[in-house]
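Asker: Chains as they are written, first to last, in my numbering: chain A, 1 to 254; chain B, 1 to 147.
It is possible that part of the hints are untrue.
Simulated DEER-style distance windows between Cβ atoms [unchecked claim]:
(1) Gly34/A x Val14/B: 42 to 52 Å
(2) Lys139/B x Phe45/A: 29 to 39 Å
(3) Met73/B x Ala155/A: 54 to 64 Å
None of these hints come from the bench; they were simulated from the model. For every residue, glycine included, the Cβ atom is placed at its ideal position computed from N, Cα and C.
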Amino acid sequence: MKFIPDPVGKFFHRMASPPHFYALAGQMIPWLTGIFLVLLGYGLFAGLYLAPTDYQQGDSYRIIYIHVPSAWMSLFIYIVMALAGAIGLIWRIKLAEIMAISSASVGASFTFIALVTGSLWGKPMWGTWWVWDARLTSELILLFLYLGVMGLYNAIDDKRTASKAVAILALVGVVNIPIIHYSVEWWNTLHQGPTVTKMDKPSIHISMLIPLLTMAVAFKFYYVIAVLQRARLELLHRERTSAWVKKLVMEQNK
Amino acid sequence: MNPARRQRLILIVVMVVGIAIAVGFALKSFNENLMYFFSTSDVVAGKAPKAALFRLGGMVVKGTVQHPGKGLMVQFKLTDFTKEVTVEYTGILPDLFREGQGIVANGTLDARGVFIAQEVLAKHDENYMPPEVKASLKKNMPTETSQ
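The following block holds chain A by itself, in its conformation from the complex:
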């Protein structure tokens, strides 16, 4: 049985070769950073200045331009991490293992930002910093899953074994992702329901939605930059005895 057509397979095979990945990622980072800064600049300007105030929350609602994209990224990165972990487990591709563990700290940061910005907004709007409702609790569990993945990886010296353990933990935690997403629909929560992904008309005005989506794309770019940088470091560390790394270091020292 064949899932993947040949050219695609060849492309991934080439990408998965460590020296090639290291060089390509290094070339891509400046471009990605440029796109990220443009998107971030426009998103922040449009969100904080151009977008109108909200009919009910006034200017306080503008925290969604940080909070909502961070929360989306916290879920997205977890899915990427679990998929990369599964690929690493099944096909034993070293680069997939590296992508999985490099995603963990970026995802943990976004989860932390989502929790903190939500809390800062909750105090004036809800009247409390924190409640144990289903949405907030499941997002906190997500943070602990990320931290668990990072801790487990660092606790095991053999990094190939560590990657396998981490992949299994990440896959077990995947069950939390739909829980976070649907928590506001399945249960009564203090957190409000979905705005953008609602099936009927999105209940956010278009002038507020565009900056939000821009920020979401900007955050995606940030993730790619951060994960590539971390992956390059991790790759160098793991391959420190290999010929291509030695050659690289020799060239740099010349």
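With chain A's structure known, arrange chain B on it following the hints.
Answerer: Chain B alone, transformed into the frame defined by chain A:
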């Protein structure tokens, strides 16, 4: 796909599906406990705990917010559009508290069936729009229950 890889793939899928089913059952059995608040219909039907703290959620009924005493005491009715419950609260209300707004209150039921709140939290809705749009929405659809 070679047999070893296929076996690992199947193993992973079985693991993820198994965990999802287990967690699904667990959540289903704890469903009541995962609700952050009781609705007003639950309270009227007697499902809420007596003589214990619980949270009550609903919409503040328009025109029911009163200040019967001289102090900070405020009285209003909550509804889930089926049944109504009267709430009394002494203290400072959150910014988003207003008539027609969803709130969650923590407190107990007294003998009269009035909910004595110790804490009131505003539950805001998922709609974001500029004030002008809200104003024109109201003008065009006067019958729409505003949230």
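Asker: Name the hints, by number, that the structure is in violation of.
Answerer: none
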